[in-house]
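Visitor: Input sequences plus hints: build the corresponding full structure.
Chain order of the listed sequences is Y, P and G. With this note's numbering applied, the first sequence corresponds to residues 1 to 123, in that order. With this note's numbering applied, the second sequence corresponds to residues 1 to 269, in that order. With this note's numbering applied, the third sequence corresponds to residues 1 to 413, in that order.
Rather than coming from a laboratory, the hints here were simulated on the basis of the structure. None of the hints are false.
Over 12 Å on every C-beta distance to chain P, these chain Y residues come out as not near it, computed from the model:
#1 Q57
#2 D116
#3 T122
Derived CB-CB ranges, DEER-like:
#4 Y:L85 with P:T100: 29 to 39 Å
#5 P:P257 with Y:G98: 17 to 27 Å
#6 Y:L85 with P:P257: 17 to 27 Å
#7 Y:G109 with P:E254: 17 to 27 Å
#8 P:D111 with Y:L85: 46 to 56 Å
#9 Y:G70 with G:A40: 30 to 40 Å
#10 G:R108 with P:G218: 46 to 56 Å
#11 Y:V112 with P:I248: 27 to 37 Å
Glycine included, every Cβ here is placed at the ideal spot set by N, Cα and C.
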Amino acid sequence: MKPPDPSSGVPLYRQVARALQEDIAAGVLKPGDAVPSLREASAALRINVHTVAKAWQELEREGALVRERGGPYRVGQVAEAAEDLLRTDIDQLLDRAGLMGLDDETVLGLLVGAMDERQRETA
Amino acid sequence: MSAVHACNLTLGASLRGVSFDLPLGSCTAVLGPNGAGKSTLMGLLAGVLAADAGSVSCLGPISYLPEGMPLDAGLRVRDALAVVRRLPGWEPRVADPLLTAFDLPLPRRMDALSQGQRVRLGVALTLGRRARTYLLDDPFLGLDPMVQVHVERAIADRAAASTVVLACQHAAAAERLCDHLLLLRGNGLQWCAPVDAWRERFRRIRIRGAVDAVHGLGELALHVERRGTTLEALLDDPACVAEARLRIAGAVVEPLPLPLDELLMAVAA
Amino acid sequence: MAEHGTLLTFPSARSARAADPDALRSEAPLEVRVSPPEFAPISGLQSLRLGAELALLSRWQFMLAMVLSSLLALPGLLGAQAWAQQSAQGVIGLLVCSFGVIRGIDGRSRDRKFWAGLGAAPASFELGVVLVDLLFMTVVTGVAWVLSPGDPIFLLLGGGAAAAGYGMGSATRSAARSEAGRAGLLIAMLIVAAGCALVAFLASYGNFITGVMMQFGFMAAAGLGARVLLSGLSPESSAGRGRQRWTWLTCAGAGMLVVPLQFAQGVPESTTTLHKEEVLLFPDRDPFAGKQLWRTTEGGGVERLGVRGMIGVAGWGPHRSMMIHRTSLPRMVGILLKADDAGQAQRLMVGGLASRLGLITANGQHLECDEALLVGDTRFDADGMGAVHVLSTGEVWRLDGDGCREISLEEAP
Chain Y
1 MKPPDPSSGV
11 PLYRQVARAL
21 QEDIAAGVLK
31 PGDAVPSLRE
41 ASAALRINVH
51 TVAKAWQELE
61 REGALVRERG
71 GPYRVGQVAE
81 AAEDLLRTDI
91 DQLLDRAGLM
101 GLDDETVLGL
111 LVGAMDERQR
121 ETA
Chain P
1 MSAVHACNLT
11 LGASLRGVSF
21 DLPLGSCTAV
31 LGPNGAGKST
41 LMGLLAGVLA
51 ADAGSVSCLG
61 PISYLPEGMP
71 LDAGLRVRDA
81 LAVVRRLPGW
91 EPRVADPLLT
101 AFDLPLPRRM
111 DALSQGQRVR
121 LGVALTLGRR
131 ARTYLLDDPF
141 LGLDPMVQVH
151 VERAIADRAA
161 ASTVVLACQH
171 AAAAERLCDH
181 LLLLRGNGLQ
191 WCAPVDAWRE
201 RFRRIRIRGA
211 VDAVHGLGEL
221 ALHVERRGTT
231 LEALLDDPAC
241 VAEARLRIAG
251 AVVEPLPLPL
261 DELLMAVAA
Chain G
1 MAEHGTLLTF
11 PSARSARAAD
21 PDALRSEAPL
31 EVRVSPPEFA
41 PISGLQSLRL
51 GAELALLSRW
61 QFMLAMVLSS
71 LLALPGLLGA
81 QAWAQQSAQG
91 VIGLLVCSFG
101 VIRGIDGRSR
111 DRKFWAGLGA
121 APASFELGVV
131 LVDLLFMTVV
141 TGVAWVLSPG
151 DPIFLLLGGG
161 AAAAGYGMGS
171 ATRSAARSEA
181 GRAGLLIAML
191 IVAAGCALVA
201 FLASYGNFIT
211 GVMMQFGFMA
221 AAGLGARVLL
231 SGLSPESSAG
241 RGRQRWTWLT
251 CAGAGMLVVP
261 LQFAQGVPES
271 TTTLHKEEVL
281 LFPDRDPFAG
291 KQLWRTTEGG
301 GVERLGVRGM
311 IGVAGWGPHR
321 SMMIHRTSLP
331 RMVGILLKAD
341 DAGQAQRLMV
351 GGLASRLGLI
361 TANGQHLECD
371 EALLVGDTRF
381 DADGMGAVHV
391 LSTGEVWRLD
401 GDGCREISLE
411 EAP
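Guide: See the structure below:
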């Protein structure tokens, strides 16, 4: 996991939670695996231990992580898949488009345009 | 329960009437421009300076890294390490990885070390010992980014089980590692609060459309800058009323990232 | 646009809520376990050892060079000329003195705050440093002393001056930031102390050398005492930080202490037996004794003789009369007293230097020659009112109620 960037505007704990979700989605961590302890993650990511705790608690609320009393956090059975992660990104994209005053059709047009561009490049 | 407590702390012209409380297990960044009294405050907390007025208490045992790590010019790195290793509280678990990463020239004398090497030695000696309160006065002074990574890791490790007070110029690292910010300005305390409170209070936004509505914000807008047809504003808006007012006036408001060093500069301006 | 800065002087209600530690806990309900470390704090003895050890480790080359310099006295042991022995001692004395001064004013390093921040007791730490330095001065002087067969006066003075320079050098630490400034201040302090010593010792004290050593002791004790005590109050004080500037400088007054102390002087305790019933009291080793000569009277009381000055020795004659010699450097002169079987004739040997010949007559009158005379035989008059001094050169001097004058051998009674 790479250390979060405090200047990005996204709260640090969200960035940390997101980084762990990415690892789960990529299969680095499988359901039932223990995730790094607060202390380990805090040292590895060079962030405050409270930030890690907040991220892990957030993921526990969402069901991505589970913990038995006193035991370590483990990856839950209902961990988000890659599509779910992408859905979150799309939500954010739509929010941003709304703020800029773009309607859904324009956004869709932009997406389709970008996909076409890529296909032409790979071809 | 508070781990570090200062009440009306005063020392000459360097520090005047500073009071704050830091909770047990917190990690606090002491920030401020050069000459704002950061090192004086750290010296007072460590008990190596005597205050003119006010009181200070710090949960011991403490481990203090003085600014620039001054040691006797004739002392060799090897001897300094050997001496501190023998003192009670030395923990090879934390110290050894740091010493490996730092690659210090053991036979050299202090006067033959660079600033960065001296600080590295200081960090290893200070963080390598177990303590309840760590007082670190600029542990990143003269360090290259690769070395700084190791120092930050060791600080995060210590912060997980102790109280840490960290004076530094590196706002991004401070924001990542710390959960409290203490801002000194003009030799007095400007603000001491959890990082989250800073983030809630100060935001930067981009305004489109009815940009004139920004004039109605009054003191909520700390700083406004025109960028083409849009405006960028830095808000001091603890109650979150500015954005609502702008939207009512028909403006489109978009949040922007706000790095801590920019915020500090705006606040100090 | 808003006025910046002034807005932040007090937190908003919401910020204040957020700054409340309990509010923070509710947001981040993480219990950080901060248990007290289970090791003992650094004790005073450990701090002392730490200070001594660090002083040794960071200055060992300098100290080794100093110890080796004491070997300069080795030629004396191998039978070198007296002047060579004395010069070697003088050089070693100067070296050890500069060692003390350098270690005294060398207080730029701000390492104390690191060691104090680590938990070492600052006063004990400073005491450790001071003890190591004093030990080395003693070792250098001691080794040279053992190797010197002659009178170790230069070593004694050098060692004393080293301790005094070390103490007074320490006292300059907070008053000047640079070594040059401290050296200047130290020189000023030493000039004042030397002036006081001259005034006090030339005017009234009995023994110059022991008096100066006593003054050195005062200066060393005051400077080093202040250094250790102030370090306890503020660990950075020995690096010239903190505001005890005047506390540091007041200990410079120790060099002036010899002046008021003369008021405490009394009858000396050093004695020389004259006749069976009489004892001469003279201020040989007692720095508190005045310069006057005293003798016990037959009735058991003490009588002051009207002689002041650097009294080297006294011989004795019949009828309670006595010869006295005054020299400028009493300890520099080897003097031998002899009496013949009848106790009537004395031979006074004054090694090397000339001395002033004086006579205290049987009725207590004090007579003295203006000229400094060399070694010779002295013969008292039978009534104890005069004496004849025959020099080894053949000159004959007569000292009696008419004064001191050279006479021919035939005129002698």
